[in-house]
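If you're matching them up, the sequences are chains X and Y in order.
Residue 1 is where the first sequence starts when you use our numbering, and the numbers rise one by one after that.
Residue 1 is where the second sequence starts when you use our numbering, and the numbers rise one by one after that.
If you are wondering where the hints come from, they were derived from the structure by calculation, not from laboratory data.
From a predicted model like this one, the values you see are computed outputs, not experimental measurements.
Among the clues, some could well be false.
Below, in silico cross-link-like pairs of lysine to aspartate or glutamate (EDC-like), each with a Cα-Cα straight-line distance of 20 Å or less [as the list claims (entries may be wrong)]: (1) Lys-189(X) - Asp-213(X); (2) Lys-73(X) - Asp-68(Y); (3) Lys-9(X) - Glu-50(Y); (4) Lys-9(Y) - Glu-67(X); (5) Lys-55(Y) - Asp-79(Y); (6) Lys-192(X) - Glu-289(X); (7) Lys-73(Y) - Glu-111(X); (8) Lys-9(Y) - Asp-68(X); (9) Lys-386(X) - Asp-376(X); (10) Lys-4(Y) - Asp-413(X); (11) Lys-4(Y) - Glu-311(X); (12) Lys-370(X) - Glu-34(Y); (13) Lys-423(X) - Glu-408(X); (14) Lys-9(X) - Glu-408(X); (15) Lys-55(Y) - Glu-111(Y); (16) Lys-423(Y) - Glu-403(Y); (17) Lys-73(X) - Glu-111(Y); (18) Lys-370(X) - Asp-324(X); (19) Lys-73(Y) - Asp-13(X); (20) Lys-370(Y) - Glu-289(Y); (21) Lys-370(Y) - Asp-68(X); (22) Lys-9(X) - Glu-53(Y).
There are 2 protein chains.
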Amino acid sequence: MSTKPQNVKGMRDLLPQAMMLRQHIIGTLREVFERYGFEPLQTPTLEHAETLEGKLGDEERLIYRFEDHGGRKLAMRYDQTVPLARVVAQYQSQLQLPWRRYAVGASYRGERTQRGRYREFYQADVDIVGSSSPIADAEIIAVLTDALTALGFDNFVTLLSHRQILGGIARVSGLDEAAAGGVYRAIDKLDKIGPDGVRTELMNSGVSADACDRILHLVSLSGDSESVLNALSTALAGDERAQAAIINLREIIVAATALGVPSNRYAVAPRLARGLSYYTGMVCEAVVESPPMGSLLGGGRYDDLIGLFAERSLPTVGIAFGLDRLHDVMEELGMGPRGAMADVYVTIFNPESMAANLALAHQLRAAGFKVEHTLDASERLGKQLKTADQRGIAFAVVQGPDEQAAGEVVVRDLKSGNQHRFKSAELATGLRGIMQA
Amino acid sequence: MSTKPQNVKGMRDLLPQAMMLRQHIIGTLREVFERYGFEPLQTPTLEHAETLEGKLGDEERLIYRFEDHGGRKLAMRYDQTVPLARVVAQYQSQLQLPWRRYAVGASYRGERTQRGRYREFYQADVDIVGSSSPIADAEIIAVLTDALTALGFDNFVTLLSHRQILGGIARVSGLDEAAAGGVYRAIDKLDKIGPDGVRTELMNSGVSADACDRILHLVSLSGDSESVLNALSTALAGDERAQAAIINLREIIVAATALGVPSNRYAVAPRLARGLSYYTGMVCEAVVESPPMGSLLGGGRYDDLIGLFAERSLPTVGIAFGLDRLHDVMEELGMGPRGAMADVYVTIFNPESMAANLALAHQLRAAGFKVEHTLDASERLGKQLKTADQRGIAFAVVQGPDEQAAGEVVVRDLKSGNQHRFKSAELATGLRGIMQA
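If we strip away everything but chain X, and leave its shape as in the complex, we get (with noise of 0.2 Å):
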């Protein structure tokens, strides 16, 4: 072969240290959502073609599709929702309701490839099948201000805001349902255009210039989530899907202060749009606001979907952390862990010591220890250090015959230098010791 092979474009090799930081996170957010008492659940990666037709839109042409040995249609999943939706429908017996289940897997679609888009992408979904309760999209907003925490973002802020503001705002400003849809659009570029762009585009798309000014002043409506609450609660008299909207997210809002989401953690945001054909109420959205990374991920409720193949009302709500998202910011602000897998490297000092200094290798990882030891027993000792120290691992175990006779074992500090002397027997002990120290 003259050319050597390639990964798929869009789509990305982990090497360890990148997929040690993604099992981090994963693991991470898995320990916060079985902290909820969230299940988990695993579906193919194929699904027949037609259990996904249908409810992508105009993305649908992104679905990846082929024919199977026996000539079954089927395609490679976009995301972890229809197929959710699927298994209600399929064991509807077995599953109890309201159901909190999470999915870590991937999805793909054929996009083009640009920084921070991949055709095969991960997901993190948690959702609350079969509950219309305002403490469902609490406990949501509680789940995913626990797992930034615990990732260790100390800098993000939920905004939060309910489909029926937005819709509220359109039509008090005197705009039918066709003409609204422009508007989110519109509202949706506020932070990449700005007041004056967001402007030009609604006045170019018909909006006079008075509603302009009432939808560009609602939308922009900042400070705590009381007063901006009610600010809309008066701008928005009359309208009852706008005012019930209003006391559903105050309802959210004192569940998730009794689930611990902390005040300075969420904002109420009129101007939050996000994909609104999907979503029927509450939505959400988590922004690292210094250094200014943006979104982060986001989610809301959505009770039209997951019902569909079991044909009754399922209402849901949930939130899906992009994982390549979440490692790509990591990565930059130098979060998560670093270096070797292993804490010691232990030395094999001459072929004759092989046994005896393999035995030292299997003490330290009965008492708990990550070791890795040289494969080559007649590999000169310096050669063996230089290796753990390239592979970055902080300490080296060395027992010569010498030190066999004595019944001892030296440790180094490959950083420092620094030796260390102990007991055969007291080795683990020695060693974490040092690691502590």
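Following the hints, position chain Y against chain X.
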């Protein structure tokens, strides 16, 4: 939609109970792999078709292949070994050899479905790339032994042999390389069809009665490893490759013993064949003898595949844990975790006590408990307790207005019905005490 969608045939949904077992298996394996300094690698599910082609022989027709949106010929990986060979070639400058890597993921083959055979199947692979040392083979056997022990298996034996032992048996029986293939295939069936079946098959393929006797005698050798190796050494005297193989196995056993593999956990078994076109040295296979569950997993040394794309020799030894097989066996034997995700269920006494009751859930989570709570603040208490019990949760927390006024909380044991009363601030400590009792 009139018919409800189903999962694709041969590809499993893992519902929570199954997925909790699966995660337990993966978590346990990863912990053992990392104890030996193995590093995680993740490659995409999709590869360029040409990367995978030409390596599977007849089985190549089982590959799922298709063209993507840009007309690229892609294929779903059918194992994690060829992607490893690609990674080693593609990132040569970033990888230090010998490299211990593990990978946990799904592979795909359009096989005829049958019990225990899936079209989407999961494997946990551990390989040491770039070392021909017997210490590497020994380390793989130590990993295998530790992993099965950590999973709770206490009645397994790892059968050991070497590609050149069966080869030597064929040669000293007067068979050429071409005839030897048929011998291996016949011997591979020894456990299934017995010695008489193997004899019939060998004689049908033209092996003389004398040679049959000789072969059957040698492949049936059993007993302690040293005496089996001595008997083989005598019988295969004059066959240089077989003698080198016996020396190699002796070295592997010495190192494995130093690494803590107990002598009752391995046995030299000359009959062990395993896909011989692939392996070049030691082969191994772990079997559960009591109850007789047969082979759990296997592996060995394969020195010719991993260097294929890198165009250099990269001797490699490794094993693959078939997670579906392990899962099915452990389910059948009742091994692994059982029961609910949550430790405790927090009730909401009535809508007025919602915030106070949810705060108890928060308090318990912060103390490390897994906590589920009701989402319906006006649900009857009896219904909530019943739900918790049905979900298999052992304890419920109740705090009505009286308890709240007294700064107290009640923990109810849902099995026995016993109730325990604690000061609210001491809930976590109290609950931990009951759970440990």
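Tested hints:
no.: 1; hint: Lys-189(X) - Asp-213(X); verdict: holds (16 Å)
no.: 2; hint: Lys-73(X) - Asp-68(Y); verdict: holds (15 Å)
no.: 3; hint: Lys-9(X) - Glu-50(Y); verdict: holds (15 Å)
no.: 4; hint: Lys-9(Y) - Glu-67(X); verdict: holds (13 Å)
no.: 5; hint: Lys-55(Y) - Asp-79(Y); verdict: holds (11 Å)
no.: 6; hint: Lys-192(X) - Glu-289(X); verdict: holds (15 Å)
no.: 7; hint: Lys-73(Y) - Glu-111(X); verdict: holds (16 Å)
no.: 8; hint: Lys-9(Y) - Asp-68(X); verdict: holds (11 Å)
no.: 9; hint: Lys-386(X) - Asp-376(X); verdict: holds (14 Å)
no.: 10; hint: Lys-4(Y) - Asp-413(X); verdict: violated (63 Å)
no.: 11; hint: Lys-4(Y) - Glu-311(X); verdict: holds (9 Å)
no.: 12; hint: Lys-370(X) - Glu-34(Y); verdict: holds (6 Å)
no.: 13; hint: Lys-423(X) - Glu-408(X); verdict: holds (4 Å)
no.: 14; hint: Lys-9(X) - Glu-408(X); verdict: violated (54 Å)
no.: 15; hint: Lys-55(Y) - Glu-111(Y); verdict: holds (17 Å)
no.: 16; hint: Lys-423(Y) - Glu-403(Y); verdict: holds (9 Å)
no.: 17; hint: Lys-73(X) - Glu-111(Y); verdict: holds (16 Å)
no.: 18; hint: Lys-370(X) - Asp-324(X); verdict: violated (28 Å)
no.: 19; hint: Lys-73(Y) - Asp-13(X); verdict: holds (19 Å)
no.: 20; hint: Lys-370(Y) - Glu-289(Y); verdict: violated (38 Å)
no.: 21; hint: Lys-370(Y) - Asp-68(X); verdict: violated (42 Å)
no.: 22; hint: Lys-9(X) - Glu-53(Y); verdict: holds (19 Å)
The structure shown violates the earlier hints numbered 10, 14, 18, 20, 21.
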